Amino acid sequence: MQAFFEKQFGGQRGRDGLMALLMGGPAFLLLVIFMIWPFIRGLDLSTTNQRFDGAAATRLDPWYANYDQILSVNLIQLPDVPDDVPYSAPRAGWYRARTPDCKACEDEFECEIGAEGDTICANNCAQMCEKGDLIFRWRGKSLGEVGLEKWADYEIARNFSLFGNQYAIIAKDPLFWKGLMNNFYFALAVVPVQTALALLLAILVNQKLPYRNVFRTMYFSPVVTAMVIIAVVWKFLYNPEFGLINEMIEFITFGQVKGSDWLQSSTMAMPAIIIMSIWQGVGFQMIIFLAGLQDIPEDLYEASGIDGANMWQQFRFVTLPMLRNTMIFVVLTTTILAFRLFDQVNVMTPDGGPEESTATMVWYAIRQGWTQFSVGYASAISVVFVAIVLIISLIQRSIVREESALDR
Amino acid sequence: MKALRLLVLVAIIVAVALPVTVAAQDKQEVSLWFHSGQGSERDALDDQITRFNEASDMYEIVPLEVPEGNYNDQVKAAALAGELPCVLDFDGPNVYNYVFSGDLIPLDAHVSEELLADVLPSIIAQGTVEGQLWSLGQFDSGLGLWANKAMLVEAGVRIPEGLEDTWTLDEFNAALDALAGVVPEDGYVIDFKFTYEGEWYSYAFGPWIRSFGGDTIDKDTMATAEGVLNGPEAVAFGEWFQGLFEKGYATATPVDPDADFNEGRVPLSYAGHWMYNTYKDALGDNLVLIPQPDFGNGAVTGMGSWNWSITSACETPDGAWAFIDWIMQPDNVKQMTDGNGAVPSLISVLEADARYAPGGDLYLYFRQLTEDIAVPRAATAAYPAISTAMSDAINALARGEDVQASLDAAVDTIDSYIETLDQ
Amino acid sequence: MTTGTLNQQQLAEAQRREMIARVIHIVRRVIAYSLLIFLGFVFLFPIIFMVVAAFKPNDRVIADLASAKAFLPNPGDLTMDNINNVFDRVRFGHLMFNSLFTTLVTVIAGLFINSMAAYVLARLRWFGRTFMLSLVVSLIIIPLEAIAVPLMMQVNQMSGLLNIVTLGILVLLTGLLWLIVWNASGKFLSEHDATRSLPNPVINVLQALTMVIIALPLEVLAYFMIGQIDEGGSWLNSYHVQILPFLAEPFSIFLFYQFFIGIPKDFDEAAYVDGAGPFRIYWQIMVPLSRPVIATVAILKFLQFWSFYMWPLMVTRGDEYQPLMVGMSYFQTQAPILWGSIMAYAAMVTIPVLITFLLFQKWFVASVSSSGVKG
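Residue numbers (the working numbering), protein chains in the order written: chain X, 14 to 421; chain D, 12 to 434; chain Y, 2 to 376.
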């Protein structure tokens with residue numbers, strides 16, 4: 014025992030310990046006060062019904078009720094689509110929702126649904142209202158009424174058909190799961206694309222060309238714009254009717270390609286956010302790759318050139334391996350940043366986008382805690398969020414580590 | 012010893028300076044926040060605060076302007092932090108939530124019978140929760156369809172005179188179809204102010220849903236929106252409303268709708284009193300106000316606007332009341348409403364204003380507010396959720412999302428919020 | 002003879018080859034530059050659009066939106082109205098000061114605190130070092146948004162001991178800066194001919210003056226903070242609430258740590274043998290060697306705090322302490338909404354940073370390249 018203290022606090026180690034306290038103390042203390050302690054309080058809040066307006070909070074019973082609400086998810090089989098699908102929805106069951114064109118046409122020409130769920134019309138509506146345009150939706154306001162009593166607290170997050178059967182992913186809080194999926198969508202698109210693009214740009218501006226500094230500056234300049242400011246400009250550019258981006262698309266393709274609805278469309282809103290985010294962020298990774306490229310000794314290229322390697326081979330067998338560590342750094346940090354996605358979403362689609370297609374976990378936590386006053390619930394979302402990102406980065410790190418082990 | 016002497020010196024300075032500073036501050040400071048929206052409202056209030064401070068030898072109002080877009084967020088943050096000012100203004104329906112959270116004190120002990128008798132019934136209804144009066148406002152809001160008279164005439168559309176002969180749903184639809192024929196190439200038929208964010212959608216479209224036969228919350232129980240906001244009547248509204256966007260009559264992504272109306276690119280603009288001055292300047296006598304259409308269950312209009320309260324954190328409620336009493340004086344109410352085009356909250360001011368007399372530009376607002384078709388927004392602590400849910404749902408409808416699913420989502424938002432209140 | 006023809010043939014062949022090489026070279030240049038310029042346009046067009054719109058009359062911004070005119074200033078109606086309108090509607094200079102002050106103090110004081118912590122983690126041997134290191138690394142993933150609400154409750158309830166501790170850290174930092182500047186300026190003054198001969202008291206006064214001036218931001222911050230705490234006010238609506246919670250930052254510590262462990266130990270062991278203590282080794286050996294990582298962390302943190310939005314919105318009200326980003330809402334949500342002014346404001350916020358980066362661009366790339374950020 015005494016030896017332990019002697020070792021820890023005596024002599025050289027003791028002096029180091031004192032200096033560590035003096036020099037590292039401020040940072041560690043501040044981290045504890047402003048990061049760790051709030052996080053612990055967040056853990057505590059997540060088991061209460063704390064509200065934003067300061068009304069007294071009580072501990073939930075059971076304490077994990079918020080987590081139960083967030084994490085409960087299941088897969089169930091839905092009843093088959095009946096032959097005669099009603100237009101207006103019962104409280105639970107199938108109903109018909111139509112695409113706008115189809116609906117306008119049907120309203121005008123009174124169509125009927127055929128045996129196979131297609132639409133029979135007197136005229137060319139039939140083409141417009143082909144099966145693809147007819148969307149069968151499942152309304153699950155009260156699952157209990159259709160023999161699914163067990164899932165009364167659940168809602169449909171997504172339903173799909175598989176081998177002729179209808180299935181649904183149900184969750185107590187579908188919006189959280191949508192947010193999680195959107196986060197993965199964003200990260201899976203942004204991390205590889207942004208990394209590849211950054212590398213490409215870095216190689217481009219690393220050539221010995223006159224004025225390359227001008228181009229480096231150009232590509233980096235979006236990075237120094239503040240997200241909340243520049244997102245306002247982009248929202249303007251994405252306007253479907255007057256936006257510059259659609260105009261440019263039509264101009265470049267001579268009107269062959271029509272622009273998109275971008276932020277107004279459930280399929281294009283997330284891509285719009287992705288494009289904008291890559292535009293804003295890629296310059297920074299470019300600089301990091303550029304730094305990595307400049308560290309590769311020139312003679313490696315010379316040697317491989319003498320060996321007869323072409324440009325692609327040089328890239329594949331010299332550049333890439335030499336950039337390995339840079340690549341790891343870029344991928345790890347971009348992943349973490351991608352999961353934090355919030356600012357641009359909040360400015361460009363404050364309501365979470367069409368069909369919640371741009372809702373993210375952080376957006377949802379802010380929406381719950383700030384807009385809806387439910388601080389306790391928001392804290393639980395934050396805790397789950399941090400846990401998920403922690404797991405992802407641990408997985409990434411372990412992959413990196415194993416690869417390095419194999420290399421050796 | 013030296014240090015001690017220094018300390019003594021400091022102590023002496025403090026001892027001498029303290030009474031001096033106290034003496035200099037013989038007026039009690041009363042903190043006040045207000046949302047800074049229209050420039051004219053800012054100017055009028057600034058002037059009223061200045062004059063109040065000059066006139067009062069008891070209290071000094073210390074105002075803070077907060078941009079409207081951030082206002083609710085900032086008030087929330089301050090409430091959480093226990094940092095609310097003495098006097099606070101907020102958009103009508105938030106009063107229920109603030110009362111529920113215990114942030115306000117009632118005004119009953121202060122307000123005089125005389126004043127109460129002069130205030131518009133709609134304002135009193137808005138500020139009354141659980142039989143007590145919590146807030147008063149200088150003005151109420153007017154809501155209706157601003158129209159370009161020349162374009163309506165060109166399309167052969169009948170202009171209703173008043174509430175008796177207001178458009179029915181069929182007539183409204185026919186008018187829209189007819190107007191579609193006269194709008195210019197780069198125009199559209201009706202502007203719904205989709206550049207606004209937040210509260211607008213609940214305020215503006217809640218009444219329409221009600222006129223269709225639905226509602227934003229079950230007014231009998233106040234416990235759920237199920238069956239009213241997603242029932243067949245509300246769905247009918249949704250289908251109709253969405254149709255306007257599908258037919259290209261309205262746009263969910265306008266860039267500058269005010270200019271579109273001013274410059275004759277759009278003949279109808281669904282907006283409130285706050286557009287009166289802008290539109291009047293641009294259109295002059297060509298501007299006409301059309302009352303709320305009757306969608307089947309009678310015409311319904313929104314009401315309520317920004318109003319003033321005293322917070323429970325206030326240490327000088329008398330000073331706070333003195334200020335509210337001051338701005339509720341007829342001259343000050345008139346100064347404010349002359350500027351922002353809103354409906355004065357005092358009957359005496361209304362009656363003296365030619366714009367609200369029969370034949371005046373804004374006579375319809377007066378009638379809408381006094382003839383029992385004005386319905387306050389849902390008086391529930393869940394109002395913040397209703398506001399968010401309505402904003403999300405109306406935007407979703409405009410984008411062409413499934414009507415039933417959008418309204419169901421709105422109901423879920425509201426109901427799950429009510430659940431957290433009950434816990 | 003044969004050799005002559007051969008030479009001629011060779012020469013012709015060589016010329017031909019050179020010609021082809023030159024053509025290929027030119028073609029490649031053309032392709033490379035077209036690509037570079039195209040990409041340059043892609044990256045710049047939103048910024049160009051924003052800047053051009055800032056100088057257009059309000060109605061032209063929208064009228065020109067959907068055509069190439071959006072990028073072209075219209076010589077006929079260039080206007081400063083938007084810029085003037087920005088100055089009329091907000092205290093732009095004051096907001097700019099708030100932004101610069103909070104950002105610079107956070108960055109500079111943060112560099113200090115985080116690099117010291119990293120040094121302690123990288124070089125000193127003490128109880129709990131490995132635990133602290135893994136804690137810091139795992140804290141990287143916690144975004145502010147996840148702890149914003151409890152953090153706000155925390156700063157709102159700051160009192161007593163916590164006030165003293167945080168104020169103490171601020172005072173410690175200021176003292177440290179004084180010490181360093183005192184020594185450095187003393188050294189500087191005694192090494193230069195013009196000042197060497199000055200009498201000691203004068204030198205001391207000069208030292209003190211530089212010391213006070215360089216540490217001015219920290220002093221001002223401490224002054225404000227003491228004032229506010231003394232009045233019994235909460236932390237909300239102040240400068241320090243936007244600064245102190247973010248001084249220590251795990252990612253900065255991590256970057257410094259990575260760089261420090263890359264510095265050969267011989268450097269500091271030599272100094273250690275000479276009797277230098279940890280702080281002297283840190284200050285006189287590690288810091289001068291780590292200029293690249295200092296620059297990198299400084300720029301990263303600058304960009305991060307310059308665009309800070311949500312936190313200031315939560316903890317400040319009124320323009321007294323608000324930064325530029327929050328000021329944007331005065332234009333977005335207050336009637337009349339003038340797109341010209343919004344674009345002007347956006348441009349006025351963006352351009353100074355852009356120019357600063359332009360000036361230091363080359364130096365920045367060089368810094369990152371030797372900072373070890375690459376992993």
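Everything labelled a hint here was simulated from the structure, so no lab data went into it.
Among the hints, erroneous ones may be present.
Claimed, not checked - Below, a list of computed lysine to aspartate or glutamate pairs in the EDC-like style, where the Cα atoms sit at most 20 Å apart:
no., chain 1, residue 1, chain 2, residue 2
1, D, Lys204, X, Glu254
2, X, Lys185, D, Glu237
3, D, Lys291, D, Glu274
4, X, Lys154, D, Asp229
Only a predicted model underlies this, so the values are computations on that prediction, with no experimental measurement involved.
Hint-by-hint comparison with the structure:
With a CA separation close to 16 Å, the supplied pair Lys204/D and Glu254/X stays within the 20 Å bound. A threshold of 20 Å between alpha carbons decides the hint, and for Lys185/X with Glu237/D the separation of about 17 Å falls inside it, so the pair holds. Note on Lys291/D and Glu274/D: the hinted pairing holds, with a Cα-Cα distance of about 12 Å set against a maximum of 20 Å. For the hint pairing Lys154/X with Asp229/D, the CA-to-CA distance comes to about 17 Å; that is within 20 Å, so the pair holds.
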